[in-house]
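**Q** The residues making up each chain are set out below.
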Amino acid sequence: MTSLTDIPNGSAPPGFWRRMVRSSNGVVGLIIVLGLIFCAAFADLLAPYNPARMGTGGRFLPPGGKFLLGTDEFGRDMLSRILYGSRLTLLIGAVAVGISLTAGMLVGMVAAFRRGWVETLLMRSTDVLFSFTETLIALSFVAVLGPSLQNAVIAVGVAAVPFYARTCYSAALVETSKPYFEASIAAGAAPGRLVFLHLLPNVLPTMIVVATLGVSTAILAAAGLSFLGLGAQPPTSEWGYMLAGSRDYINRAPWLMTIPGLAIAITVLGFNLLGDGLRTSLDPVERR
Amino acid sequence: MSALLAVRDLSVTLRSGGEARMLAQDVSFDVARGQILSIVGESGSGKSMTAKALMGLLPPNATVSGEAWFRGANLLAKGSAPCRGTGIGLIFQEPMTALTPVLTIGTQLTEAMVVLGLADPAEARRRAIAMLDRVGIPAPDRRMRQYPHELSGGMRQRVMIAMMMLLEPEILIADEPTTALDVTVQAQILDLLRDIVRDTRIGLILITHDMGVVAETAQDVLVMKAGRTIEAGPVARIFTAPSAPYTRALLDAVPRLDRPGSSAGMVAGAAAGKTLLSAGHVSKTFHARAGLFASGLATRALDDVSLDIRQGETLALVGESGSGKSTLGRVITRLTDADHGAVTLGEENLLTLRGKSLRAARRKIQMIFQDPYASLDPRQRIGTSIAEPIAIHTTLSRAERQDRVGGLLARVGLTPEMAARYPHEFSGGQRQRIAIARALAAGPVLIVADEPTSALDVSIQAQILDLLADLKREEGLTMLFISHDLAVVRQIADRVAVMRQGRILELGPTEAVWTAARHPYTRALIDAAPVPDPTRPRGVRRPVSGDFAIGALREAALGHWVAT
Numbered sequence: 001m002t003s004l005t006d007i008p009n010g011s012a013p014p015g016f017w018r019r020m021v022r023s024s025n026g027v028v029g030l031i032i033v034l035g036l037i038f039c040a041a042f043a044d045l046l047a048p049y050n051p052a053r054m055g056t057g058g059r060f061l062p063p064g065g066k067f068l069l070g071t072d073e074f075g076r077d078m079l080s081r082i083l084y085g086s087r088l089t090l091l092i093g094a095v096a097v098g099i100s101l102t103a104g105m106l107v108g109m110v111a112a113f114r115r116g117w118v119e120t121l122l123m124r125s126t127d128v129l130f131s132f133t134e135t136l137i138a139l140s141f142v143a144v145l146g147p148s149l150q151n152a153v154i155a156v157g158v159a160a161v162p163f164y165a166r167t168c169y170s171a172a173l174v175e176t177s178k179p180y181f182e183a184s185i186a187a188g189a190a191p192g193r194l195v196f197l198h199l200l201p202n203v204l205p206t207m208i209v210v211a212t213l214g215v216s217t218a219i220l221a222a223a224g225l226s227f228l229g230l231g232a233q234p235p236t237s238e239w240g241y242m243l244a245g246s247r248d249y250i251n252r253a254p255w256l257m258t259i260p261g262l263a264i265a266i267t268v269l270g271f272n273l274l275g276d277g278l279r280t281s282l283d284p285v286e287r288r
Numbered sequence: 001m002s003a004l005l006a007v008r009d010l011s012v013t014l015r016s017g018g019e020a021r022m023l024a025q026d027v028s029f030d031v032a033r034g035q036i037l038s039i040v041g042e043s044g045s046g047k048s049m050t051a052k053a054l055m056g057l058l059p060p061n062a063t064v065s066g067e068a069w070f071r072g073a074n075l076l077a078k079g080s081a082p083c084r085g086t087g088i089g090l091i092f093q094e095p096m097t098a099l100t101p102v103l104t105i106g107t108q109l110t111e112a113m114v115v116l117g118l119a120d121p122a123e124a125r126r127r128a129i130a131m132l133d134r135v136g137i138p139a140p141d142r143r144m145r146q147y148p149h150e151l152s153g154g155m156r157q158r159v160m161i162a163m164m165m166l167l168e169p170e171i172l173i174a175d176e177p178t179t180a181l182d183v184t185v186q187a188q189i190l191d192l193l194r195d196i197v198r199d200t201r202i203g204l205i206l207i208t209h210d211m212g213v214v215a216e217t218a219q220d221v222l223v224m225k226a227g228r229t230i231e232a233g234p235v236a237r238i239f240t241a242p243s244a245p246y247t248r249a250l251l252d253a254v255p256r257l258d259r260p261g262s263s264a265g266m267v268a269g270a271a272a273g274k275t276l277l278s279a280g281h282v283s284k285t286f287h288a289r290a291g292l293f294a295s296g297l298a299t300r301a302l303d304d305v306s307l308d309i310r311q312g313e314t315l316a317l318v319g320e321s322g323s324g325k326s327t328l329g330r331v332i333t334r335l336t337d338a339d340h341g342a343v344t345l346g347e348e349n350l351l352t353l354r355g356k357s358l359r360a361a362r363r364k365i366q367m368i369f370q371d372p373y374a375s376l377d378p379r380q381r382i383g384t385s386i387a388e389p390i391a392i393h394t395t396l397s398r399a400e401r402q403d404r405v406g407g408l409l410a411r412v413g414l415t416p417e418m419a420a421r422y423p424h425e426f427s428g429g430q431r432q433r434i435a436i437a438r439a440l441a442a443g444p445v446l447i448v449a450d451e452p453t454s455a456l457d458v459s460i461q462a463q464i465l466d467l468l469a470d471l472k473r474e475e476g477l478t479m480l481f482i483s484h485d486l487a488v489v490r491q492i493a494d495r496v497a498v499m500r501q502g503r504i505l506e507l508g509p510t511e512a513v514w515t516a517a518r519h520p521y522t523r524a525l526i527d528a529a530p531v532p533d534p535t536r537p538r539g540v541r542r543p544v545s546g547d548f549a550i551g552a553l554r555e556a557a558l559g560h561w562v563a564t
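Taken in order, these protein sequences are the chains called A and B. Using this note's numbering, you'd call the opening residue of the first sequence number 1 and step up by one each time. Using this note's numbering, you'd call the opening residue of the second sequence number 1 and step up by one each time.
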C-alpha cells in the first residue's frame with residue numbers, strides 16, 4: 001500500500017526573514033526604523049552642533065549652507081536638535097508601549113485564563129476605561145502627576161492599557177479553547193506551565209504586531225502632550241515640543257514647523273509599515 | 001443516449017509563488033440524462049477542482065485546458081459565459097455557509113428566478129413553496145419567512161437543493177453534500193437526490209470521499225488520485241472487480257459496517273476484565289446566556305448517565321451530533337465539570353478532586369482530539385509536546401525524557417529524529433500519531449479518543465485505527481472511543497453504548513448490538529449508515545424520527561442493556 005502512506009504536505013514554509021523580505025512594506029518600515037535607531041545611537045557623532053547652544057550663526061537661518069536644516073528662534077541648529085530628538089522619540093515610544101504592553105497582556109491573559117468573576121471584573125473595568133478617549137485619560141493623568149516628559153510618557157502608556165488588554169484577551173481566549181491547550185490541561189499541567197509555555201508564546205506574535213503599530217500611536221500622543229505644554233519642557237529637543245514652539249513663527253520661518261512635523265510623520269510611517277510587515281510574516285501558516 | 005455533458009482532457013494548473021502545480025490532469029467523462037456519476041478521491045485528488053473548473057469558479061491564479069461540451073458550447077473556451085444556475089447547479093458541503101445568514105429563505109429562493117427573468121415575484125414565490133414541499137420541508141410557507149440559522153443542517157441542505165432545482169438546471173454538481181451531516185440525515189438527503197434525478201432526468205455529478213455514499217447512489221464511478229483519473233466504470237464493476245491497485249486499496253481501507261471488525265475476536269477476554277472506571281448518574285446541563293438578566297435556553301447534554309469501562313476493553317460511544325457523547329468524554333477527562341454524579345477510578349471520585357490532587361490524577365486519563373491540526377502547540381517542537389506529560393509527572397532528566405520520546409515516536413510509526421520538528425511540517429495523519437504518542441507518554445490507564453479519525457482521509461484513518469488496535473493488543477490499552485461512524489466503531493470496539501439526547505439507549509457487546517439491536521433507534525441508526533456495497537437494495541433505509549424509549553436500562557441479554 002505504498003501509494004496510500006502518509007505524505008508530508010510539502011517542505012517547511014519559508015522562514016520568517018524570507019517572508020519579511022518579500023513584503024516590501026516591511027522592508028521600507030524596517031529601513032526607516034533602523035535609520036532612526038542609527039541616528040539616535042550616534043547623535044553625538046552625527047550632530048554638527050550642540051543642540052542646546054544658542055546663537056551659533058544667527059537666528060531664523062533658512063535650510064542650506066552651514067546649517068543644513070536652518071536654525072531656530074534662538075539660533076540653535078535644527079539638524080542637531082532633530083537628531084537628538086530622535087533619542088527621546090524612540091525612548092518615549094519604547095517606554096510607553098512597554099507600559100501598556102506589559103500591563104495589557106497581564107490583564108488580558110489573566111482574564112482569559114482564570115475566567116469566572118476575575119474575567120468579569122477585569123474586562124468590565126477595561127470596558128469602562130475604554131469609554132473615555134485615550135487623550136482624556138492621558139490629560140487627566142498629567143494633570144495629577146504634573147507636566148513633565150516622564151509623566152507624559154507614563155500617561156500615554158497607561159491610557160493605552162485597555163486597548164492592549166482587550167486585544168490580548170481575545171487572542172488568549174482563542175488559544176485557551178484550542179485542543180492543544182486542553183491536551184495540556186488533561187496532561188495535568190499547572191497554571192504556570194499553561195500560561196508561560198503555551199499561552200504566552202502563542203499570543204506573543206499577535207501582540208508584537210500590535211505593539212509595533214502602537215509605537216507610532218504612542219509617539220504621536222506624547223508629541224501631542226508636549227505640543228500642549230504638558231510634556232517636554234525647555235530646552236529639551238523633543239519633536240512635539242519643537243512643533244509647539246514654532247507656532248509663533250509660522251510665517252517667518254515655516255521650516256521650524258515643517259521639519260519636526262516631517263520627522264514625526266516619517267517615524268510614524270516607519271513603525272506602521274514595520275508593523276504591517278511583521279503581521280504578514282508572523283501570521284501563522286501552520287494550518288492548511 | 002447522448003451525453004448531456006462531455007468533458008475531455010480537462011486539466012487545471014495552479015500557479016503560486018513561481019511554481020505551477022497540476023491539480024487535475026486529463027480528466028474525461030460523460031454525464032447523460034438521469035445518470036448519477038460519482039467522482040471519488042481523497043483530499044488533494046483534484047475532484048473538487050474539476051467541479052470548480054466546470055462552474056468557472058477557479059481562483060484567478062489557476063489556468064484550465066481541455067474541453068467541456070454542454071448545450072453545444074465549450075464551457076472551458078476562453079470568454080464563454082459560465083452556465084451557473086440555469087444550466088449547471090452546484091450544491092456545497094457546508095449548508096450553513098452556503099446560504100446567506102442575513103436573508104430569509106424565501107428571499108434567497110426567489111431572488112435568482114426573478115433576476116434571471118424566469119418568473120415574476122408572485123410566481124417565483126409560488127414555485128419556491130412548491131419546491132420546498134417537493135424536497136420534503138414541512139410547512140413550507142412558514143419556512144419562507146425564516147432565516148438559515150433557524151433550520152437544522154439537513155433542512156438547510158434541502159433548501160440548497162430546492163434553490164438549485166428552482167432554476168431547472170440540466171446538471172447538478174453536489175460537492176460532498178452529506179459530509180457535514182449526521183448519518184440519518186445523510187440517508188434522507190441521498191434518497192432525495194436519487195428521487196430528483198429519477199423524476200426530472202437531470203444529470204448528477206456527486207463528488208465524495210465516502211465509498212458508502214458512492215455505493216448507495218451512483219451508477220458510474222470515476223476514481224481520482226493526485227489529479228489523475230485512476231479508474232472509471234460502472235459502480236458494480238468498480239466495487240467487485242477494481243482493476244487499479246489504488247481502487248482496491250481504497251476499498252480495503254473503508255471500514256465495513258456489514259462485517260465484523262478485527263478486534264471482535266477478543267470480546268470474550270475483554271468482557272471478563274474488571275471494572276476500571278465507572279461513571280454513575282452523571283448529568284450536565286449547558287445554559288446559553290441569553291442576556292444580562294434573562295436566563296437563556298438550557299440544553300441537557302447528559303441526563304443521568306451511568307457506564308462502566310472495563311480493564312483492557314475499547315468501549316465506543318456512538319451517537320449523532322448533540323447526543324452528549326463528547327460531553328461524557330470531557331466530563332471523564334475533567335475538561336468539563338458535571339452538575340451531578342460521580343466518576344470513580346479505583347477508589348477515587350475524579351469529579352470531587354481539586355488543584356494538586358486533580359493534576360496528579362490527570363496522569364491516568366489522557367485524551368486524543370479530533371482536529372490533528374489544532375491539537376499540537378504550533379510553537380513547540382513535537383518532542384517538547386510529547387515530553388510534556390513526562391515532564392509534569394516524573395523527575396526524569398532531559399536526556400531520559402528524550403529517550404522516552406524517541407521510543408514513543410517509534411511506537412507510533414514515526415522516527416525519533418522527528419522530535420526536533422514543528423507540527424506544521426507534518427501531515428494530518430502524522431500529527432494524529434504524534435497526539436497518540438503524547439497521550440501515551442505518561443502511561444495512562446485510560447485513553448479517551450474523541451472522533452480521532454473523522455478529520456482524516458479513509459486510507460489514513462485505516463492506518464490510525466490499525467495503530468490503536470495494535471496498542472490495545474500489545475499494551476492492554478483501555479480506550480473510550482467516541483465516534484459518529486458506525487463502521488469504524490464496529491471495527492474497533494468491544495462494546496458499544498448508543499447515545500441520544502444525553503441518554504444511553506443501548507449498551508452491549510459490539511457484535512450483539514449489530515446483529516441483534518434491540519432498541520429501535522439503534523436499528524434506525526444502523527439502517528441509515530451507507531454501506532460500500534452497490535448490490536444492496538437502495539433506498540430501503542428508514543428515516544429516524546419519532547419518540548424512542550428513553551427510560552432506565554434493563555438487561556435484555558447477558559451484558560446487553562436496553563432502555564425501556
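Treat the hints with care, as some may be off.
[As the list claims (entries may be wrong)] With a straight-line Cα cutoff of 20 Å, these simulated SDA-like cross-link-like pairs (lysine to any residue) come out:
| # | chain 1 | residue 1 | chain 2 | residue 2 |
| --- | --- | --- | --- | --- |
| 1 | B | K364 | A | A190 |
| 2 | A | K178 | B | G428 |
| 3 | A | K178 | B | T336 |
| 4 | B | K356 | A | I185 |
| 5 | B | K356 | A | K178 |
| 6 | A | K178 | B | R381 |
| 7 | B | K52 | B | E67 |
| 8 | B | K356 | B | D371 |
| 9 | A | K178 | B | D533 |
| 10 | B | K356 | A | P191 |
| 11 | A | K178 | B | E67 |
| 12 | B | K356 | A | L197 |
| 13 | B | K274 | B | S306 |
| 14 | A | K178 | B | L335 |
| 15 | B | K356 | A | F113 |
| 16 | A | K178 | B | Q380 |
| 17 | B | K356 | A | L194 |
| 18 | A | K178 | B | D371 |
| 19 | B | K356 | B | D337 |
| 20 | A | K178 | B | S65 |
| 21 | B | K364 | A | I185 |
| 22 | B | K356 | A | G192 |
| 23 | B | K52 | B | A62 |
| 24 | A | K178 | B | S454 |
| 25 | B | K356 | A | A190 |
| 26 | B | K356 | A | R193 |
| 27 | B | K356 | A | V195 |
| 28 | A | K178 | B | S306 |
| 29 | B | K364 | A | F113 |
| 30 | A | K178 | B | R334 |
| 31 | B | K364 | B | Q380 |
[To be verified] Here are some chain A residues the structure puts well away from chain B; computed CB gaps all over 10 Å:
| # | residue |
| --- | --- |
| 32 | E73 |
| 33 | K178 |
| 34 | F181 |
| 35 | I185 |
| 36 | A186 |
| 37 | L197 |
| 38 | P201 |
| 39 | N202 |
Think of the hints as simulated: they come from the structure by calculation, not from any bench. Source: prediction; values computed, not measured. Don't be surprised by glycine CBs; every beta carbon is placed ideally from N, CA and C.
**Q** Against the structure, test the hints numbered earlier, and report the numbers of the ones violated in rising order.
**A** 5, 8, 9, 11, 20, 28, 29, 31, 33, 34, 35, 36, 37, 38 and 39
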